[in-house]
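Below, each chain spelled out in residue letters.
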Amino acid sequence: MVRPKRAAMRQPLTFAVPKGRILDEALPLMARAGVVPEAGFHDKGDRRLAFPCEDEDFRLIRVRAFDVATFVAHGAAQAGIVGADVIEEFDYSDLYAPVDLGIGKCRLSVAEPAAGAASIDGASHIRVATKYPALTRRHFEARGVQAECVKLNGAMEIAPALGLAGRIVDLVESGRTLVDNGLVETATIMEVTARLIVNRAALKTDPRVAALVERFRELAA
Amino acid sequence: MTDPTADLLPIGLEDRLPAAARALTRARRAALDAMDAHGYDRVIPPLVEFEKSLATRMSGVATRRMFRFVDPASLRTLALRSDMTVQVGRIAATSLASAPRPLRLCYAGEVATIASDQLDPARQRLQLGAELIGSDSAAAAGEVVALAVEALIAAGATGVSVDFTLPDLVDTLAAKALPLDADRVEAVRRELDAKDAGALKDAGGETYLPLLYAAGPFEDAVAKLAEIDAGGALASRIEGLRQIAARVGGAARLTLDPTERHGFEYQSWFGFTLYAEGVRGTLGRGGTYRIGGSDEPATGFTLYIDPLIDTLGKAPAGDLLYLPPEHDPAAAARLRAIGWRTRAALGDNENPAALGCTHTLDGNAPAPL
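Going line by line, the protein sequences match chains A and B.
Going by my numbering, the first sequence wraps up at 224, each residue one higher than the last.
Going by my numbering, the second sequence wraps up at 399, each residue one higher than the last.
Think of the hints as simulated: they come from the structure by calculation, not from any bench.
Wrong hints could be hidden among the right ones.
DMTMM-like cross-link-like pairs, simulated, lysine to aspartate or glutamate; straight-line CA separation at most 20 Å [claimed, not checked]: (1) B:LYS231 with A:ASP94; (2) B:LYS231 with A:GLU194; (3) A:LYS47 with A:ASP27; (4) B:LYS254 with A:GLU144; (5) B:LYS206 with B:GLU236; (6) B:LYS231 with B:GLU269; (7) A:LYS154 with A:GLU144; (8) B:LYS231 with A:GLU221; (9) A:LYS108 with A:GLU176; (10) B:LYS231 with A:GLU188; (11) A:LYS108 with A:GLU57; (12) A:LYS108 with A:GLU188; (13) A:LYS22 with A:ASP49; (14) B:LYS82 with B:ASP325; (15) B:LYS254 with B:ASP198; (16) B:LYS254 with A:GLU221; (17) A:LYS108 with B:ASP325; (18) B:LYS254 with B:ASP223.
Heads up, incomplete: computed chain A residues facing chain B, CB under 7 Å, no partners named [to be verified]: (19) ALA53; (20) PHE54; (21) ASP103; (22) ALA158; (23) GLU160; (24) ALA164.
Ideal Cβ placement from N, Cα and C applies to all residues, glycine included.
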């Protein structure tokens with residue numbers, strides 16, 4: 004097939020995907036939408052961060068989940084896949100989440116030691132260890148509680164036992180990690196699935212972004 | 031030893047050095063000229079006003095984001111302007127209240143906010159715009175959109191794209207056509223704005239889902255919207271949109287996103303956002319609204335052209351004529367009159383090329399260096 008000249012000359016769309024959990028489920032879906040990275044993407048020895056795709060209109064970047072949202076919100080990437088937890092945490096105004104992909108199901112929950120969190124909480128505020136300070140603060144604010152957040156980047160389950168915080172807010176899939184660390188889930192903040200996200204300006208100005216949204220919509224339906 | 035932090039500028043504030051300043055000045059003048067040419071008279075409101083007067087015309091615009099301080103003279107709170115639209119609204123409602131309508135005004139000036147945006151660190155921006163006061167009809171909106179596109183192209187933008195929206199769409203539909211409990215309206219609006227189909231269903235706005243798909247290139251999207259149009263509640267709005275699109279014609283790429291509400295907190299039936307090729311964010315927006323206080327209908331737009339300067343690149347400095355010591359001042363004046371820029375020698379032994387000059391005055395005529 005002869006490509007129109009303009010298509011060959013224009014910049015590829017940058018599609019951001021998170022490392023880890025969601026990626027394995029996302030790749031087959033992306034393939035059906037026509038986003039297939041070259042073989043090097045699956046090679047652990049390949050240290051590149053950006054990969055061309057079989058369709059020259061796309062380029063894939065693999066970054067941390069929180070950075071997927073940041074790249075897309077700033078328009079450095081035009082589209083991406085990320086969990087609803089990350090979208091809500093940032094609440095970026097220039098980010099659209101038009102398609103619920105129904106993959107990467109889990110929930111964002113509050114958990115505390117089986118014996119309760121009282122020993123660490125103050126009278127008027129509570130202390131929470133989390134990767135999601137904004138969501139956590141909003142959740143407790145809505146209940147009239149001021150939450151002091153300790154930002155951790157992983158392994159929050161250990162924080163209550165060591166007296167760093169009374170409770171934690173984290174993603175829960177099976178609940179196994181919580182049980183193993185002597186914690187119980189006390190509230191669900193939100194149910195989480197992965198979403199297709201796109202940059203607001205890119206959606207409005209580049210017809211390829213709208214076409215991509217349309218393809219994912221059909222797949223998710 | 032000097033302290034390297036002593037001359038730091040606060041975050042979000044920057045100097046425009048000659049090349050960027052030249053580009054910005056040129057773009058600003060061209061955009062103002064375009065508005066002036068269409069009969070919009072320029073007004074120059076002050077930098078600082080009483081907070082209360084700004085606030086009453088800023089419904090939906092947070093005064094919390096303004097620099098505020100106490101006026102030693104009146105002991106009232108003053109605010110540094112963060113949006114000139116409200117000042118033009120005040121002028122229309124006070125000094126020019128008795129001027130014949132429709133009243134066409136334009137403005138350009140610096141605005142500041144105390145806190146930067148999540149995505150844009152700038153706390154000072156150049157705002158340009160025009161307001162057509164006394165009408166919010168489709169004809170007025172057509173004129174304003176066409177003028178906004180023309181001003182933006184004059185400022186140097188290419189590949190301009192305009193996204194239309196219907197800011198009060200949810201309120202209009204929730205009243206009758208697609209009934210919605212009052213306490214759900216806000217959540218439905220929020221999820222429509224975020225284009226989050228999953229969350230929209232959860233918020234109880236399932237009947238609003240088709241609206242998400244009525245977005246895209248104008249002709250397709252407006253046809254889809256017309257199909258959805260429950261009970262003809264939107265008929266006049268759709269007709270208005272078509273009229274505006276016809277007025278803009280081929281000057282810009284047109285898209286429609288009826289549920290877009292971002293930045294349209296105080297617009298009424300019609301709003302639009304301006305984009306240009308190579309510029310990441312929006313370059314401006316506008317729409318129909320009612321002036322706070324007087325409740326007079328109006329249509330207008332605002333441009334923030336700073337991001338454009340970064341993509342335009344450095345404006346070429348152009349030719350610069352060196353005037354050696356003992357040159358003929360009359361010859362230099364004649365050359366300036368026909369458009370030459372000159373830079374005069376202050377002493378002997380200067381290097382004209384190092385001073386940025388491209389030519390030197392040789393007798394009565396410029397000679398290339």
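Verification of the supplied hints:
| no. | hint | verdict |
| --- | --- | --- |
| 1 | B:LYS231 with A:ASP94 | 19 Å, holds |
| 2 | B:LYS231 with A:GLU194 | 13 Å, holds |
| 3 | A:LYS47 with A:ASP27 | 14 Å, holds |
| 4 | B:LYS254 with A:GLU144 | 41 Å, violated |
| 5 | B:LYS206 with B:GLU236 | 16 Å, holds |
| 6 | B:LYS231 with B:GLU269 | 29 Å, violated |
| 7 | A:LYS154 with A:GLU144 | 17 Å, holds |
| 8 | B:LYS231 with A:GLU221 | 17 Å, holds |
| 9 | A:LYS108 with A:GLU176 | 7 Å, holds |
| 10 | B:LYS231 with A:GLU188 | 26 Å, violated |
| 11 | A:LYS108 with A:GLU57 | 29 Å, violated |
| 12 | A:LYS108 with A:GLU188 | 17 Å, holds |
| 13 | A:LYS22 with A:ASP49 | 14 Å, holds |
| 14 | B:LYS82 with B:ASP325 | 17 Å, holds |
| 15 | B:LYS254 with B:ASP198 | 18 Å, holds |
| 16 | B:LYS254 with A:GLU221 | 17 Å, holds |
| 17 | A:LYS108 with B:ASP325 | 49 Å, violated |
| 18 | B:LYS254 with B:ASP223 | 18 Å, holds |
| 19 | ALA53 | 18 Å, violated |
| 20 | PHE54 | 23 Å, violated |
| 21 | ASP103 | 3 Å, holds |
| 22 | ALA158 | 28 Å, violated |
| 23 | GLU160 | 28 Å, violated |
| 24 | ALA164 | 35 Å, violated |
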